[in-house]
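Chains as they are written, first to last, in this note's numbering: chain A, 27 to 406; chain B, 228 to 472.
The hints are simulated quantities; they were obtained by calculation from the structure and are not laboratory data.
Computed from a prediction, not measured in an experiment: that's the story for all the values here.
Just so you know, not all the hints are guaranteed correct.
[As the list claims (entries may be wrong)] Label-pair distances were calculated between CB atoms; the ranges are: (1) A:Pro182 / B:Pro338: 56 to 66 Å; (2) A:Ile329 / B:Ser365: 15 to 25 Å; (3) A:Leu327 / B:Asp230: 54 to 64 Å; (4) A:Leu116 / B:Pro362: 26 to 36 Å; (5) A:Glu268 / B:Gly237: 53 to 63 Å.
[What the hints assert, rightly or not] Rough simulated footprint, nothing fancy, chain A against chain B, three-plus residues with beta-carbon under 8 Å: (6) 248-257; (7) 270-283; (8) 299-305.
Quick reminder that beta carbons are idealized off the backbone N, C-alpha and C, glycines included.
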Amino acid sequence: MTSTNRNTSLITLTIAVILWFMPTFRETLDYPVFFLLFGYTLFFWIAQASSWNTFTGFSGYFSFGQGAFFGAGVYAVAVLAVKRDWPLLLTFLVGGIVAAAIGLIIGVVVFRLRELRGEIFALMTLAVAFVMASIARVSPTIDGGQGAPVNNVPLPDFLGDFPTMIFRLGLIVATLAVIAAQWVQRSRLGWGLFSIRDDEDVAETLGVPTFRYKITALLITAFIAGLSGAIHSLQIGYVTIEDVFSIRVPLFVILMSILGGTKHWMGPVVGAIVVVTLNDRLNRAGFQEISDFITGGLLILMIVAVKEGLYLRMRTRPARTAIGFVAGLAIGLALGALDESLITLLAYGLGIAVLAVMLPLSWFARGRSAEAEAKVASHG
Amino acid sequence: MADLRFARIGKRFGGIRALDGVDGHVDDGEILGLVGPNGSGKSTLINVLSGHYEADEGTITYGDANLTDLPPHRIIETGLARTYQIPRPFSTMTALENVSVPFMFGANPLPPPVARESAMEWLSFTGLEGLANEPIDSLNLHQLKYLELARALAARPKLLFLDEVLSGLNPTEITASIEMVRRIHASGITLVIVEHLVRVVTELASRIMVLDRGTVIADGDPKVVMQDDAVVTAYLGKRSRRAEG
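Take these sequences, add in the hints, and give me the full structure.
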């Protein structure tokens with residue numbers, strides 16, 4: 027387990043503060059509004075993936091519950107802010123709390139029973155999202171099957187125009203999610219979760235309060251996912267059960283976290299940046315099908331060849347990563363990618379860097395493991 | 228007195244009675260040898276006493292604490308720790324991280340950075356300091372057994388169950404390990420050792436308890452107990468005893 031300390035969180039906060047003022051200087055820096063919306067999409071997925079990873083990546087309990095937590099947040103705004111005229115910011119908070127309450131119920135029921143480890147836990151969390159979707163569908167106070175508009179709620183003025191506001195709200199939740207993940211990773215809670223992931227019975231006999239720790243981590247995950255979902259309802263505009271409770275959110279957080287690596291808080295961040303950037307560019311270029319093909323292919327390659335995930339792999343091969351990134355930028359420039367944005371350039375850089383750390387290393391890794399075997403043999 | 232006492236311990240697995248009305252005690256400061264043929268219930272007894280399994284019947288007390296219904300993570304706070312017969316290290320952590328985890332929990336939890344420093348001491352005690360930052364899959368069986376021991380010691384126990392820590396080791400390693408067990412005992416830790424190797428038990432134990440098919444068949448001084456008819460029968464079978472006699 028690689029360590030992280032308080033300085034990491036200070037750096038994260040500094041970056042967040044700088045990003046906060048990006049919209050203020052949009053005129054001066056002269057970049058398109060689209061950048062802010064792209065930034066929001068990044069923040070949304072960083073928040074979702076990081077929060078998912080804080081429970082599942084660290085504890086090893088595979089959860090499909092992200093959709094349920096996210097959905098609880100979305101509908102908290104759709105019901106309370108739209109139909110009941112509650113203040114918007116308050117409904118964000120309520121979204122997080124409702125999601126956390128659902129997490130608490132799942133946790134208390136499931137973690138009491140020793141038998142419900144592994145696959146059964148994953149299926150239980152999946153079932154919860156289905157149950158919630160059906161409740162929302164039949165209950166007229168929630169949705170009733172008609173869908174609900176969220177585009178006419180009064181927005182708070184002090185956060186600026188819509189792109190600025192959504193960018194900043196997304197930034198707050200992403201920062202919260204990342205700092206929470208960093209804190210968990212370096213705290214006693216994190217070490218407890220890692221030992222649960224490796225061997226829960228041993229962890230318990232060594233003094234780890236496994237029940238309480240799993241509940242705590244699940245609460246953190248659910249609260250952040252709900253909060254992020256509540257804010258996302260503004261971006262969706264018109265919420266429907268089919269969209270909100272689709273498999274998209276749980277599937278993508280899993281994909282991003284595994285791609286980036288689940289053992290370090292930075293894994294989901296890297297995974298989200300790579301997937302969002304590549305997806306966005308391919309979609310914009312009109313290659314939706316190819317975009318899913320590429321993300322799916324990356325995931326398969328990752329599971330087979332780079333078990334520790336992109337982030338830890340990039341950290342052990344910094345030169346390869348940097349050269350790949352610069353080469354990607356060069357290729358992007360040569361192809362005239364500066365059509366509308368730096369995002370295309372970023373996509374080239376990331377894409378080539380990912381390939382650079384993944385592909386040639388398979389035989390490099392083989393040489394290394396042979397070395398390790400020789401070492402073990404000489405010991406034995 | 229913080230003696231461990233247990234009475235009428237029963238544990239069933241399906242139709243098999245692994246433990247059937249086991250009574251006993253572990254006195255402060257002694258080395259109790261727990262012996263018996265394969266499947267006699269030695270490991271099951273340790274699993275029950277350490278909280279790894281819940282007993283179907285019976286009571287367990289340690290000093291003033293009633294352990295019978297305590298969850299395992301609370302049992303270790305009273306000062307009981309154990310090793311596993313087959314090493315069960317945390318596989319994604321380094322050797323040092325494995326040993327630092329128990330320091331972060333239990334009766335006197337340390338903050339993670341401090342736990343790391345304390346863990347280094349027990350790694351050195353077991354001779355693993357050179358492997359501190361190695362991943363677990365680069366350790367051999369002998370080293371894994373020692374890591375298991377270091378991790379249990381990191382829980383700062385007053386009473387430690389050693390479940391076959393020496394099995395699978397070669398004679399030289401066994402001699403060194405016996406020395407290490409003596410040093411652990413000398414540091415003030417009460418020991419319960421489960422061991423197949425009679426040599427080890429008779430050399431170390433101040434008292435021996437013999438289990439056979441889930442019941443206690445003998446309990447007392449090592450030399451006396453190992454000559455006992457019932458014990459010889461349990462170990463070697465009836466016929467060999469008649470042939471000897």
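To see whether the hints hold, each was checked on the structure:
no.	hint	in the structure
1	A:Pro182 / B:Pro338: 56 to 66 Å	40 Å, violated
2	A:Ile329 / B:Ser365: 15 to 25 Å	23 Å, holds
3	A:Leu327 / B:Asp230: 54 to 64 Å	59 Å, holds
4	A:Leu116 / B:Pro362: 26 to 36 Å	48 Å, violated
5	A:Glu268 / B:Gly237: 53 to 63 Å	55 Å, holds
6	248-257	violated (count 0)
7	270-283	holds (count 3)
8	299-305	holds (count 5)
Of the numbered hints stated above, those contradicted by the structure are hints 1, 4 and 6, listed in ascending order.
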